[in-house]
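Asker: Now for the letters of each chain:
2 protein chains.
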Amino acid sequence: MNNIDNLCITNLRMLSIDQIAKANSGHPGIALGAAPILFSLFQNHISISKKNTSWINRDRFVLSAGHGSSLLYANSHLLSLGLSNEDLQNFRSLNSKTPGHPEYNLEHGIEATTGPLGQGLAMAVGMAIAEEHLSAVFNREDFNIIDHYTYVLVGDGCLQEGISEEALSLAGHLGLKKLIILHDSNDIQLDGKVSLTSSVDLKKRIESLNISYYYVEDGNDTTQINKAIKKAKKGNKPSFIEIKTKIGEGSLVEGTNKIHGNPPTKEDLEHIRKYYNWDYAPFTVLDEVEKEYKRIVKAGNKECFNWTKMFSLYSSKYPEQASKFVSYSKKIDVDLNLVSSLLPEKADATRNSFGIVLDKLSDIYPNIIGGSADLTASTKAKGRDGDFSITNRLGRNINFGVREHAMGAITNGITLHGGLVAFCAGFFVFSDYLKPAIRLAAMMNIPSLFIFSHDSIAVGEDGPTHEPIEQLTALRSIPNLCVFRPADAKETFYSLKVALASRNNPSVIVTTRQNVPYLKQTNYNDFLDGGYLLTEGDGEYLIITSGSETATCLQVVSKTKLKGDVFVLPSISLLEKSNVSEKIYSYPNLIIGVEMGDATHLYKFADIVLDINTFGRSGKYQDVIASFRFDADSLVEDINEILDTLE
Amino acid sequence: MNNIDNLCITNLRMLSIDQIAKANSGHPGIALGAAPILFSLFQNHISISKKNTSWINRDRFVLSAGHGSSLLYANSHLLSLGLSNEDLQNFRSLNSKTPGHPEYNLEHGIEATTGPLGQGLAMAVGMAIAEEHLSAVFNREDFNIIDHYTYVLVGDGCLQEGISEEALSLAGHLGLKKLIILHDSNDIQLDGKVSLTSSVDLKKRIESLNISYYYVEDGNDTTQINKAIKKAKKGNKPSFIEIKTKIGEGSLVEGTNKIHGNPPTKEDLEHIRKYYNWDYAPFTVLDEVEKEYKRIVKAGNKECFNWTKMFSLYSSKYPEQASKFVSYSKKIDVDLNLVSSLLPEKADATRNSFGIVLDKLSDIYPNIIGGSADLTASTKAKGRDGDFSITNRLGRNINFGVREHAMGAITNGITLHGGLVAFCAGFFVFSDYLKPAIRLAAMMNIPSLFIFSHDSIAVGEDGPTHEPIEQLTALRSIPNLCVFRPADAKETFYSLKVALASRNNPSVIVTTRQNVPYLKQTNYNDFLDGGYLLTEGDGEYLIITSGSETATCLQVVSKTKLKGDVFVLPSISLLEKSNVSEKIYSYPNLIIGVEMGDATHLYKFADIVLDINTFGRSGKYQDVIASFRFDADSLVEDINEILDTLE
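Chains as they are written, first to last, in our numbering: chain E, 1 to 647; chain L, 1 to 647.
Okay, chain E solo, but in the shape it has when bound (with noise of 0.2 Å):
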């Protein structure tokens, strides 16, 4: 390694520690030791450019080990990515531009929100994925528009999560060969040594999921490093290279878990800086650091210019395909007069009606991409022209296997990559698996989309493992995350319509598996407001109600001892964001919430709520929906009884 190398990974990691120590807060042991790692990466491989940050032929990096912040707001500090040295000084404090854990943020060079575990390792999958993609739709001879390489830096703590498994072995299945996972394998995690938990053969486990392993014995060593990121770039297999680093390393606890999460002592840090030959002040850039990332960043800036000439060369000899390329990343304005000609006014699941609208916008927008979790047959959420596999990378539907948290999280990555819409889908009770990428989604402020079918007890003999109850109010509490649970056919047109249409939040709509009947009196406009009246509105008390319990209550409200009235919620998230929930909040007579599940959101607004707080039946779905008095005699008498107390 030469002089000037060193002398920037050293600063590298003197300004992590200075953050650290400043904030007496935050993780020293992957900032000592991944340093040269990072340093390798950015000076050698990532083309980005400081000039257009969301340039979309950048090389991506992930940080999944997302405690080693500092050391990314290090580096972004030193590619002069929106990060003053003062910002490093505000490391951690409230409001600063330098959180606890690394936020997606384009202009800081920070590519995905990361923290929880694996997460950034499925979302590089997801990234890599739509790298292909993309490369395959646009790209021709002499043009290559989208090549670019995603790398991900990950710790042993990431590689012991379920979701790594899940989303390597899909990465290894689909032959993701611009994926390049670097491992910072330093033998320690927060309670102690690895192997005080795992014995895992690793290069075996890597091999056997179809993707390369490499393995660099002296992390400090930047030529190792950077000649085994080159022979990756040259596989044709998703990349693994392990590099062997020492956690914390001229610490005085270096290489024990004593220095992964908390802030070096003063004597400590003396004794860093004297490791390190280091006696400036802290936040200290050295001239010739400076330098050279000066050089790194013009380097990056003059790829992106170069792109930017070979689009435009692009757009005259195909501009066919260059206008395709630029509707990519427009917004999709689904036509309104669609859903007359697709859904018939029938009887029908919403997850077919959901399928079948799918299907037809997939064929309007190539740009929608995504699958189901081994579900297609049942969620009926598939994409379009076949299956994304190594021979047909122009395939948009992705057969994600049983790996619902690696799919949620590669949903978001193919969302973060830009100029994709994806989805994803599985039935609603397993929600609980990808929850974690739900909430990143919606953290990130990003609009992934969600699909859940089999959406009540309604799933009848499958039984209760299979029956959600509490997954609704799970998912309205996450914030950010816009929750439709669609009455019929057209309200399921409208959640993908609005959904598609969101830039700012990830969307989750929930459908039938049986069939509820198509309601005439539905419609977008009052939709748009999360929630609206169905009926005269005469009526003396109001039931407020979701999903396929709206045909049930629009029988009962005319059946009961009192005229009553339907108020269909198909969006709480919509709802509370319009100014009809103040008109639900000062209605003057009785309102009843009524959903089959855990239906606690609805005490916002009811009186009384008739929901289920027990787990759910196998049977026959309509004796399970009987037996849960759901059905509409039954809820006749619970209503009559209600409204004789209230006599």
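Note that these hints are calculated values from the structure, not bench results.
If you're wondering where the values come from, they're calculated on a predicted model, not measured in any experiment.
What you were told as hints is all true, and nothing was included just to trick you.
Because identical chains cannot be distinguished in the list, a pair is counted as satisfied if it fits within a single copy or across any two copies.
Here are the simulated SDA-like pairs of lysine to any residue, each with C-alpha atoms no more than 20 Å apart in a straight line:
1. 604 / 581
2. 604 / 588
3. 561 / 633
4. 604 / 642
Model the placement of chain L on the given structure of chain E, informed by the hints.
Answerer: Relative to the frame of chain E, chain L by itself:
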């Protein structure tokens, strides 16, 4: 294979198919394919006793691929385990003993509720851990009081789930030599061929995890199956036996996904019956088969009888050990007086108070076992007697590693095994990762104990990825789960006392990272109601709150323009079972809910809720709290404003 074995297997297959055909619902694929595996196991390897189905030393069998329920029920019927022929005929109908997926019921030979793929495998790992530990504690020369195998049947789907990697890698690390995994390897999953979504070299994968791999080429060859199981039983590692089967063998659509989850057509039913030369009426059990199964039952009963004899000798020779053994199955009744001796009257984080109490109780009760997901240093939840490992089977601390999902399911497995009280711990925000396992514990009515520290935005510097917002709502909405969010040291103690006394429900205890004051007012008798008044009750409004906010609210109510009262709510689950909830519902004055996170459940009781519906922030925890206006001064201001509007 001799003729009688053949007949038994055919009868198993036919009984399964008859159930599915009658119900017109179910999964024939695995039933037809895996019947020989199940038969081999129960004929030659599994010791259970019809006379004592909860015999502690029985072999365990978990059907991780729970959709094969019809096969399991057929087998239990033949074993006379409480399922009549009529029960089989009621397969998947409401209130039957034969629901869509197996539901934990020892009388019917069902060791665990399964269906969500992969969880059965992880529960089996827990059972194997329990076996190793209990045998180390109790066995003496010539007295193998605990000495049984744990078998689990997995499908391809189970192995795709991330939880399988977490569970298998821990099983391999811990050298659980009496765990035998049988893989119904039929290369088909719901959406089609496994090869659509996976290219894993399974042998390599399994061996990389320190697990012995065996292969049986023909899933109908019971000789080979038995041979492999025999070998596996002798090994010194966990064993994985890949058994090649044909999904839906004998069906017109055998070997395809069409037979995975759809009942056979009438034509196919005839074809299947022909294929197996079966021309008996539906639900027929042949006399020879009945006889063979009677033999199997008798052998099992005898094993149990012999064990009882052995245990009585053991009791004479090792009376202390024997009475300790008996005590392991008794309910834990924690001495209330311990609270004052253990917990000084000073401010402390409830995670610390929890750690102190758990440590002491683990000393008193040697059957408490558990650990953290690489977070003992943070959660303070650590088992006694060193780490459970290959060389220390007496260790009661399990280093779960960063494997939250499997951790939850393994904890369930230990609990299901019996004899031990199992806990596990992690950060509250990552409770999402094991929610599916918590749900299953609640569904099985078993008392697993889940501990989550770092309970709110007061996590501080680690920022939004690490700050729970919606987790409390998510867990509070799971049926049959008791959620505790203690306000101080004493309430923490009470939470653990109640949780450990639970027999039919799991518990979650959520603790703080930051210090909270010691509250003289908290007390056990009131705590048991789930919520109680901490102030005089003469105020003009009421705050409902929990956890760390309690102490703040106690300050607030004396500073607002009108005097208020504080009602602390350590457990909504308990509250809703007590009559105190009625008092709250009928409280005449204003009720304000206060919780630093999504507090949707408080809308059940409160008129106004002050909670958090956005993600958290990174910063010193005091700054973060103040930024969300949950410091005392902000709350006084905001509540005064509310009181103003009421005047």
